[in-house]
Amino acid sequence: MRSFFQAVVSGLVTGSLYALMTVGMTLIYGTLRTLNMALGAMVLVGGYVSWMLFSGLGWGPLAGLAGAAAVTFAFGVVIQQVAVRPLIGKTGVDFEMTAFISTFAVAIVFANVALEIYGARNKAVPPVVEGRLHLIEGVSVSWHQVVMAGVAIVMLVALGIFLSKTRYGLGISAVAQQLDAARLMGIPVQRVYNLTMGVSSALAGIAGVLLASVFFVSPNAGDLPLLKALIVAIFGGLGSVRGTIVAAYIIGLLEAMISLYFGVKWSLPVLFVVIMIVLLIRPTGLFGKPEEARL
Amino acid sequence: MASVAHETRASVGRLMGWRSPNAFAVGALLIAAAALPLIWRNDYVIDVALTALIWMVLNQSWNLQLGIGGIWNFGQLAIFAIGGYVAGLVSLRWGIDPWLALVMGGSASALVSAVIAIPVLRLRGIYASLLTFSFAEVVRLLVISDESGLTGGSFGLSGIPGLAFEGLAPDAKQRAYYWIALGLVVVTAVFIYVFIHSPLGTALKALRDSPAYAASRGVSPMKMQVITFATSAFIAGVAGAFYAQYYGTISPSVMGLGPLSLFVAMLVVGGLGTFWGPMLGTALIMVVSEALRDLEEARLIVVGLILLLTIVLAPRGLVPLLQQGWARLQLWMAEDSVPEDGPGEDVPEDQPAPQQEGSR
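Quick note, the sequences are listed as chains A and B, same order. Each step along the first sequence adds one to the number in this note's numbering, with nothing skipped, and position 221 is 896. Each step along the second sequence adds one to the number in this note's numbering, with nothing skipped, and position 253 is 260.
Each hint should be verified, as a subset may be incorrect.
Unchecked claim - Among chain B residues calculated to face chain A with C-beta under 10 Å, some are: (1) Gly77; (2) Pro126; (3) Val127; (4) Arg323.
Treat the hints as calculated values from the structure; they're not laboratory data. Even for Gly, the Cβ is constructed at its ideal location relative to N, Cα and C.
All chains, please: the whole structure from these sequences, using the hints.
Have a look at this one:
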């Protein structure tokens, strides 16, 4: 029973992180109809920024969070301008396909530039806080994990408020719901696109900082988070922000349970089988909506 | 009857704007390719060219799904690897003849892919790419973490028996492999050419361009998808098996993001959905990647940038661009010769064409 609770706790922590990564993916897909493969690269950038702030200036991980968010926000806007914007409205090609490939190309460039600059060796980043929190007898969680989950949840709540209460957030929702109507209402669509890419990339960058001290930072540190985000995205469906968050927690818990009862090795294959089954029953994921209605 | 059918085919071909390939150019290209190992007697060059030929087979098979079928399959590398592993395993474990193993590798890939095709069928574009991509990653991670000794884990299988050229001298053996690889490329190309110009290929393109309309005209999406997945995977599996037999080894390093980016670059730079695109793209990226060999891992930065530039500036790839350029050139020559009585030899050479002026 103790190990079960332990698995639940770690499932909730990883679920929060998955939510942080995948919400960005959903947002971008909702507004831009682009599956952004460069989000994994943003996790990577976040990790390296926090490592540089730590090893170069001796600043702690909290400075890393802010620094990584700022840097990845800027990168997100640049990626939007360089890799996605020129493709919008090109005739004769499928925009979703070309944007998928162009962001994929960006991800390749980032991973290999990181390899070139920092080398293949793992960089260690210290946790935000040391020590462990004992919940009940035999079930404990490191304070860093608590902070991870806490930061993720705060970011998600802030995102929710941003999307539903602020002018720019409402602009994002409007563009996602009906592009032409949003344009007619005078919403600056290009600015909304930039903002969406920036915010999503910043969320991924923050996830990168949080992950950096659990795993290490290395040039392929973005691959596994990207894969997990893709799995959550298919499972939940790229339909709604809320659905994505729920899906992230389900996947996090499922993964923890599989690791507990079958071993870590089986977590991906079993997840894959689960997803196959979900897709066979619901082709647009658990909460995905058909083409017409999104976000 | 037959000639009537043939004539209708030909006229349909003209209507649809299918170019018949220039027999002379294709023949010259083939002869040049076949003569390469005899003229350029350099082991390394032949090895690179041979690898390029294997990649051409793989990319052609992939293009059938990704470009012509419009099915977002990003798991083709896993299918390639499955072909290699199965061929290697059956000949290592059961001593099966390598030629038969080649076919068995292809069949195993076709089987796996046909099974994958069914859930993918229900998904729209982006979800199909997610599913196939994560399928490939799971295959890769499973092989890497395999401790049963079956696949050799991250080191891969080694000592896979090659095709039966043991009696030959090393350079003659390499040439034999080269010509077989060239043969595979030609057979694949002919097959794909026939396939995309057959009713099956037309149905596949119709499904890509307008699924609802194609289905309402009696094209079965299920049947088409399973056929496409299975044939494309068979080709990829044979390529994988051949790869394993030539190098004598196969490891999980043929899968993953690095190789995937290389192959996607090849397909996109050449031109997705075009007949010549995969071959041109493979050749170009191989040449670039060999020219930058001293940069080692950093060449992927260059490949990534080339991919990004291509998709942003010419999203349909180089082949349509070249075809457009060629058509414009012919149009320009035809325009010039019309007002003159004779052929356009009176036109001063240094006079710029109006189109060129306008396009700047």
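How the hints compare with the structure:
Nearest Cβ of chain A to the Cβ of glycine 77(B): about 7 Å, under the 10 Å cut. The hint holds. For proline 126(B), the interface hint holds, since its Cβ comes within 10 Å of a Cβ in chain A; the closest pair sits about 5 Å apart. At about 9 Å, the closest approach between the beta carbon of valine 127(B) and any beta carbon in chain A falls short of 10 Å, and the interface hint on this residue holds. Hint status for arginine 323(B) relative to chain A: holds, with the closest Cβ pair at about 6 Å, below 10 Å.
Comparing the model with each earlier hint shows no violations; every hint is respected.
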